[in-house]
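S.K.: Start from the sequences and build out the full structure, keeping to the hints where you can.
The chain contents come next:
Protein chains: 2
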Amino acid sequence: MKIGLLAGSGKLPLEFLKSASKQGYETVLFAIKGITDPGIYGSADRVYEIEPFKLGRFLSFVKKERPDKMAILGKVEHSEALSFKNLDFKAVTFLFSLKDKRAEAIIGGIIREIGKLGIEVVDPTPFLSHLLPAQGVLIGKLTRDIEKDVEFGFRIAKEIATLDIGQTVVVKKGVVVAVEGIEGTDRCIERAAELAGKGFVVCKAARKNQDMRIDVPTIGVNTIEKIGSLGGKALCIEADKTFIIDKDEVIRKAKNFGVMVIAV
Amino acid sequence: MKIGLLAGSGKLPLEFLKSASKQGYETVLFAIKGITDPGIYGSADRVYEIEPFKLGRFLSFVKKERPDKMAILGKVEHSEALSFKNLDFKAVTFLFSLKDKRAEAIIGGIIREIGKLGIEVVDPTPFLSHLLPAQGVLIGKLTRDIEKDVEFGFRIAKEIATLDIGQTVVVKKGVVVAVEGIEGTDRCIERAAELAGKGFVVCKAARKNQDMRIDVPTIGVNTIEKIGSLGGKALCIEADKTFIIDKDEVIRKAKNFGVMVIAV
Numbered sequence: 001m002k003i004g005l006l007a008g009s010g011k012l013p014l015e016f017l018k019s020a021s022k023q024g025y026e027t028v029l030f031a032i033k034g035i036t037d038p039g040i041y042g043s044a045d046r047v048y049e050i051e052p053f054k055l056g057r058f059l060s061f062v063k064k065e066r067p068d069k070m071a072i073l074g075k076v077e078h079s080e081a082l083s084f085k086n087l088d089f090k091a092v093t094f095l096f097s098l099k100d101k102r103a104e105a106i107i108g109g110i111i112r113e114i115g116k117l118g119i120e121v122v123d124p125t126p127f128l129s130h131l132l133p134a135q136g137v138l139i140g141k142l143t144r145d146i147e148k149d150v151e152f153g154f155r156i157a158k159e160i161a162t163l164d165i166g167q168t169v170v171v172k173k174g175v176v177v178a179v180e181g182i183e184g185t186d187r188c189i190e191r192a193a194e195l196a197g198k199g200f201v202v203c204k205a206a207r208k209n210q211d212m213r214i215d216v217p218t219i220g221v222n223t224i225e226k227i228g229s230l231g232g233k234a235l236c237i238e239a240d241k242t243f244i245i246d247k248d249e250v251i252r253k254a255k256n257f258g259v260m261v262i263a264v
Numbered sequence: 001m002k003i004g005l006l007a008g009s010g011k012l013p014l015e016f017l018k019s020a021s022k023q024g025y026e027t028v029l030f031a032i033k034g035i036t037d038p039g040i041y042g043s044a045d046r047v048y049e050i051e052p053f054k055l056g057r058f059l060s061f062v063k064k065e066r067p068d069k070m071a072i073l074g075k076v077e078h079s080e081a082l083s084f085k086n087l088d089f090k091a092v093t094f095l096f097s098l099k100d101k102r103a104e105a106i107i108g109g110i111i112r113e114i115g116k117l118g119i120e121v122v123d124p125t126p127f128l129s130h131l132l133p134a135q136g137v138l139i140g141k142l143t144r145d146i147e148k149d150v151e152f153g154f155r156i157a158k159e160i161a162t163l164d165i166g167q168t169v170v171v172k173k174g175v176v177v178a179v180e181g182i183e184g185t186d187r188c189i190e191r192a193a194e195l196a197g198k199g200f201v202v203c204k205a206a207r208k209n210q211d212m213r214i215d216v217p218t219i220g221v222n223t224i225e226k227i228g229s230l231g232g233k234a235l236c237i238e239a240d241k242t243f244i245i246d247k248d249e250v251i252r253k254a255k256n257f258g259v260m261v262i263a264v
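Protein sequences, first through last, are from chains C and W.
Here the first sequence stands for residues 1 to 264, where the numbers follow full-length UniProt numbering.
Here the second sequence stands for residues 1 to 264, where the numbers follow full-length UniProt numbering.
Be aware that a few hints might be false.
Simulated restraints on C-beta separations [claimed, not checked]:
{"#": "1", "chain 1": "W", "residue 1": "G42", "chain 2": "C", "residue 2": "S229", "range": "26 to 34 Å"}
{"#": "2", "chain 1": "C", "residue 1": "I251", "chain 2": "W", "residue 2": "S229", "range": "20 to 28 Å"}
{"#": "3", "chain 1": "W", "residue 1": "T93", "chain 2": "C", "residue 2": "R155", "range": "21 to 29 Å"}
{"#": "4", "chain 1": "C", "residue 1": "K198", "chain 2": "W", "residue 2": "H130", "range": "39 to 47 Å"}
{"#": "5", "chain 1": "C", "residue 1": "Q135", "chain 2": "W", "residue 2": "K63", "range": "35 to 43 Å"}
{"#": "6", "chain 1": "W", "residue 1": "G39", "chain 2": "C", "residue 2": "K198", "range": "33 to 41 Å"}
{"#": "7", "chain 1": "W", "residue 1": "N209", "chain 2": "C", "residue 2": "R155", "range": "17 to 25 Å"}
{"#": "8", "chain 1": "C", "residue 1": "K208", "chain 2": "W", "residue 2": "F96", "range": "44 to 52 Å"}
{"#": "9", "chain 1": "W", "residue 1": "T143", "chain 2": "C", "residue 2": "F89", "range": "39 to 47 Å"}
{"#": "10", "chain 1": "W", "residue 1": "P126", "chain 2": "C", "residue 2": "K141", "range": "48 to 56 Å"}
Hint data in this document are derived by calculation from the structure and do not stem from the laboratory.
Backbone N, C-alpha and C fix where the C-beta goes; we use that ideal spot for every residue, glycine too.
M.R.: Right, here's the structure in full:
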């Protein structure tokens, strides 16, 4: 069995390649130049490097390889999608066909384009289930104050995520301090700290009816460092629908910073 | 007939006092020190100045005056609500009784507190209907590009407003660039310009089932200056549910900057 991977940045693509290889798959990596970490190229059986937004070129590589299945993983900064430079003809046509340019529309559209070649894009979580936390407190102590903000913030984050705006909402004492747009989670947290000072709670949620093939929430050591160094009190993520990269290190850092982590 | 006004900042309170006086009302202004513009004190028949967050003191003044009706108008920066300094006992009790601290909850709570004194808080729009735009293009030309972003952005702004997060969403080419949290409209627009460059569209919406007594969207000359100076393309507001302060000057400025203004 041959599985293809269209990879953005971050460590999820590497985790996927290792897991798929271990399960006996032949792996083909479609890497995006300047975005995919070249350090993972060695973990795939074959690599195609594509310039960003060269959709026609990408599809022709997929057609040539004809993997049995495809997966899409990793981050493409939402803000990069705004520049839209160096589009090939296929990409232009593709973008015009979208109703809007939010993550779900764009990745959903790519899934359809791959589907037109007769190749199915599959849910990658069977290869990554070890990264998905179960419900519960991962580290720290749930006080009544945190609990209230977690409950409130998570509900709002869920709505924001479902609108396909961003996944992160920062709250403090029942006030929505900051909502993530295209600036990304880190800058959203920085803004919140600047506006509200210490003691904020960061909530990250998946969409209602999250398609696990599309843009699944992901956290890692840097998320905790950002929250901890700015005086945040807690991080709330969604159980079974958030990838935690380097979980042990995440928990160690969270403990050091005194940041509570909870999966709801 | 005596009407009371609890006034935040901005020019809406002045417009209200002038209009109520013209309609023959005796006006009592409850001004918030450091927030309400003292320049409007002269337009009221009587003035009480209250320190911010001295809710007990405010209610005792209202009780003493016993106006036939009350209105609440003007801005209290959402971020100020986070500081919660100098609360009196009543305010502490009040804040603890709220399920969260969003604008709707806070102002709704104050309306209930005033209601307990047997005084009704009324919709101020009968005094301000000259500030509410009808549906249509106020200035500029609606291109197909702007139309698409207006349609998309307004729909999202409506959801955000209904969640009582903020009223403003900035979009560009089908991407939600920035969502207003507690930082206010201006800083949301600045962030959007920084992230997405020129050509963005600012959409401001009222909540679904907007209670016209609570935090009605308001724009003025500064809104247009902000958008225009940063290269924004259009401002979309909600017809009949957005106050335009200094409408003539707003339209003149928008024309100069080449910013289109549309009420949908």
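S.K.: A separate judgement is required for each hint: does it hold in the structure or not?
M.R.: Comparing the hints with the structure gives:
At about 50 Å, the CB distance of G42 (chain W) to S229 (chain C) disagrees with the hint of 26 to 34 Å. Separated by about 47 Å at the C-beta atoms, I251 (chain C) and S229 (chain W) break the suggested range of 20 to 28 Å. Take T93 (chain W) and R155 (chain C): their Cβ atoms lie about 25 Å apart, and the range 21 to 29 Å holds. One distance hint, 39 to 47 Å for the beta-carbon pair K198 (chain C) and H130 (chain W), holds here, with the actual separation near 45 Å.
Restraint check, Q135 (chain C) to K63 (chain W): a C-beta distance of roughly 49 Å breaks the suggested window 35 to 43 Å. Restraint check, G39 (chain W) to K198 (chain C): a C-beta distance of roughly 37 Å satisfies the suggested window 33 to 41 Å. Distance hint for N209 (chain W) and R155 (chain C): a CB-CB separation of about 19 Å, consistent with the stated range 17 to 25 Å. At about 31 Å, the CB distance of K208 (chain C) to F96 (chain W) disagrees with the hint of 44 to 52 Å.
A hinted range of 39 to 47 Å for the beta carbons of T143 (chain W) and F89 (chain C) is inconsistent with their spacing of about 24 Å. Separation of P126 (chain W) from K141 (chain C) is about 52 Å and conforms to the stated range, judged on CB atoms against 48 to 56 Å.
When the structure is compared with the earlier hints, violations turn up for hints 1, 2, 5, 8, 9 and for no others.
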